[in-house]
Structure formats: structure tokens, C-alpha cells
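Participant: What follows is each chain in one-letter form.
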Amino acid sequence: PTDQTSIALFLCHPLHWPSLPAQRKYMRSPPIPEMATQEVQLNETLAHLKTESETLKTKLEEERAKLHDVELHQVAEKVEALGQFVMKTRRTLKGHGNKVLCMDWCKDKRRIVSSSQDGKVIVWDAFTTNKEHAVTMPCTWVMACAYAPSGCAVACGGLDNKCSVYPLSLDKNENLAAKKKSVAMHTNYLSACSFTNSDMQILTSSGDGTCALWDVESGQLLQSFHGHAADVLCLDLAPSETGNTFVSGGCDKKANVWDMRSGQCIQSFETHESDINSVRYYPSGDAFASGSDDATCRLYDLRADREVAIYSKESIIFGVSSVDFSLSGRLLFGGYNDYTINVWDVLKGTRVSILFGHENRVSTLRVSPDGTAFCTGSWDHTLRIWA
Amino acid sequence: MSSSSNLTTMKKAVQQLRFEASINRVKVSQAAVDLQQFCLQNALQDPLLTGVSSSTNPFRPQKVCSFL
Chain A
6 PTDQTSIALF LCHPLHWPSL PAQRKYMRSP PIPEMATQEV QLNETLAHLK TESETLKTKL
66 EEERAKLHDV ELHQVAEKVE ALGQFVMKTR RTLKGHGNKV LCMDWCKDKR RIVSSSQDGK
126 VIVWDAFTTN KEHAVTMPCT WVMACAYAPS GCAVACGGLD NKCSVYPLSL DKNENLAAKK
186 KSVAMHTNYL SACSFTNSDM QILTSSGDGT CALWDVESGQ LLQSFHGHAA DVLCLDLAPS
246 ETGNTFVSGG CDKKANVWDM RSGQCIQSFE THESDINSVR YYPSGDAFAS GSDDATCRLY
306 DLRADREVAI YSKESIIFGV SSVDFSLSGR LLFGGYNDYT INVWDVLKGT RVSILFGHEN
366 RVSTLRVSPD GTAFCTGSWD HTLRIWA
Chain B
12 MSSSSNLTTM KKAVQQLRFE ASINRVKVSQ AAVDLQQFCL QNALQDPLLT GVSSSTNPFR
72 PQKVCSFL
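Order-wise, the sequence lines are chains A and B.
Mapped onto my numbering, the consecutive letters of the first sequence carry residue numbers 6 to 392.
Mapped onto my numbering, the consecutive letters of the second sequence carry residue numbers 12 to 79.
One chain only, chain A, in its complex shape (with noise of 0.2 angstroms):
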């Protein structure tokens, strides 16, 4: 090897320098002379290393600033203010014992899963409010849930530190827990799941600070993805269309943009104050938005790189747990802490209407299939329909 960078990596791997720790401790006229200049070339070329990340973030940040030639609300300043909106609670679905963590909608645009601090897990029918299944979880606080693209299956887990996929039985009496299966297993809480365009695989997101793939049937790890410098705490897939990429929130303050099938970081946005709780995707998969403890929403587009919007008012202190948009895009659905929800116009960036209605905390929130309505969970052990 010639370069420094190079020679630096040669000394490093364990079969060219086995015993470091210990010559270094007992070093001080260096028995062969060439390791005590290695060491200094060692480091010599962190010094580089770390210059040239300096150098790299300071271009990332000139490169992203040039392209920054105007915001988002004033391009569209032009289009057509929107009118008032009325949304009302339409069902309100209670059965939970606790806190309801998280929710996902069946692609039937009218089944719902639903999880809660309690362990319980429930479909349920939107339209009739019934209850069609329900599962107790051998732990409390199942944080994430999802329902299969086919509708045949739900996917769950939290502080097991698991998610595993129950497939749903058309006999209401079957033990669901019976047929469960174990499909990952990380090494700290699992924070969001969601299936692929398949019942295949599944995407998970963990307090562990990775994201990882699994394959259903085999339970086999996919890819893993490391990047985050803390917990991962949300997640969500691209549309379809856009290829096989997902974005990933946490508590590092970071939104990072994945290669599904290389396990590559290919973007990453850190503008957020605190927490990112949620991250979704804008239908066209050309931009997502963000929710975070720092009581804001943001819009990152990712063609061109940074943020382009932040969804806030100077009344609105409490964090954002949930985020979701309007079939079209138009409108930006917001849980917060206050127990409310935000509705905002995401190409002006004011906010078009407040609900009122939970009474506690708003943890989760989607959007349903057809668009048709939102759902919210909440910590006041309800789930709620509007539209």
C-alpha cells in the first residue's frame, strides 16, 4: 500500500498488528524503530481524516445553500387559498385498557390494528366500530403495529424488543397467539415496523439504533442499516413507484434516506431540534415530512437536497408524535402532545384547521388508504375516525 490512508488500514487489521495495546504500554525506546513511526503516521492520518470531514460537511452545507434560490411558500403564494374545513369525529373506537401507541390501516380501507401500553393488540372494522380480533402480547407497550398488504396478517411488537406476525383467522374463536411468529429480534425496544409492497418482509425500527429487513417466513436478516447515533424511533417506506427506498427518524435529530438494498445512508437531514417521532412520505416520494419533540413538522424534498418548509406557530409548544398526508399532498395532518391535531396547508405553510377531541396525548395518526379519513390513537385509550 502507498498512501497513508491505505498503509493506515494495513497496520490496523489484526493480523499485521496483534499485540498494539500492550507495546504501546510498555514502549519507550520503541524495540523495532518503524513502529513508532507508524503510530505517528496513525495519527497523522486521523488528523486528515477528521480535516477532511470538516471540509466535506462545510461543501455539503455550501453545496445545499446555492440551490437555496427561494421557499416553498412563495412559489406558492399564487395558488388558491384553501377554504374551511369541517372534520368532525365520525367513529370513535374504544376497547384498549390503556394508552393506544400505534395504528395502521388494512389496505381494505376500512379495517384498523391497533396497540396499546396494555399489550393488547385489536382489529377492528372502522365502519361498524366492531371488534374483529384481538391478541395479548407477552409484553406491555407494543409501540409498533402493521397491518400485512394482503389483510391476512398484523405484525407487532415493542418492548420484547421483537416483531412478530400473527396471521388473522377467519374464526373469530382461534387463538390468534397460537400461530404467531417471531420475525425480528433486535437488541432494544422495537419502535415502528412496517411490511414491504409484500407480505414477505418486514422493515423494522429500534431503540438499538438500527433499522433492519427480515424475511417473514424464515425470520431471516435482510439488511441491517446503521447510521443513527441513537434510537431509531420512526420509519416509512417510499411509494412504490419511487424505488426501494425508506426514511428513518430519531432521537438523534436525524432523518436519514435508505438504499434498501445495499444498506447505504443516501441522504441525510438534520435540521430538527429534538426527537423526530414520525417521518412520512409526500405521495409523489419526492419529499417527506417530519414530526418532532420540538413542536414542529417539517418538509425535506429530497431532489433538492434540504428542507423546505417547517410547519410552526409560536402557540404550538408541544411535541409532534404523528405525521401523515392528504391523498394529494395538499394537507399535512399533525398529532401533538396538546392533545390536538394540526392541519396544515404544506405549500403555504400555515395551518388550515385545529381538531379538537382526545383527551390526552394524540400518539399516532394515518391517513386511510383511499383518503377518505384519518385515524388518531391516543393515550386517552381511544381511537378515533375523522373525516
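Among the hints, erroneous ones may be present.
[As the list claims (entries may be wrong)] Below are the DSS-like pairs computed for lysine-lysine, each with C-alpha atoms no more than 30 angstroms apart in a straight line:
| hint | chain 1 | residue 1 | chain 2 | residue 2 |
| --- | --- | --- | --- | --- |
| 1 | A | LYS114 | A | LYS62 |
| 2 | A | LYS62 | B | LYS38 |
| 3 | B | LYS23 | A | LYS64 |
| 4 | A | LYS136 | B | LYS38 |
Just so you know, these hints were derived from the structure itself, not from any lab.
Keep in mind it's a predicted model, so treat the numbers as computed, not measured.
With chain A fixed as given, assemble chain B onto it according to the hints.
Facilitator: Just chain B now, kept in the frame of chain A:
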């Protein structure tokens, strides 16, 4: 062995930064126009935006008959 593991971590971080710095970007003005266009093109198909009437929204007050 902290020096060499720092080096490996640093090397990975620099590689990641090089990759991120090299991607192609478009101007915000262009990106914004595209976002706006998508919204406007799909506005009519957005029930929560247009406020679809009770007869077509299964969640609105009208009693719903479903044939199973």
C-alpha cells in the same frame, strides 16, 4: 485499540460525506414547482381536501348499507 477503531469510524464517516456531497441536486425553485404541481394535479382526487359528500364518504353521518 482506540486509535485504529477511531480511524475506521472516521474513514467510514468521510466516505459517507464524500458520497453525500457528490449527489446531484436541483434548485429549490424547481423542486417547489414540482411539489406544487403534484398537489394541484391530484387535488380533485383528494377527499379530505375537497370534502367529499356524505353519500360517497363511508364515514360521514349517512347510514351506510353494506352488502356482505
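Participant: Now, for every hint given, state plainly whether the structure supports it.
Facilitator: For each hint, the structure was consulted:
1. A:LYS114 with A:LYS62: violated, 44 angstroms
2. A:LYS62 with B:LYS38: It holds: about 19 angstroms lies between the C-alpha atoms, which stays within 30 angstroms.
3. B:LYS23 with A:LYS64: holds, 18 angstroms
4. A:LYS136 with B:LYS38: violated, 49 angstroms
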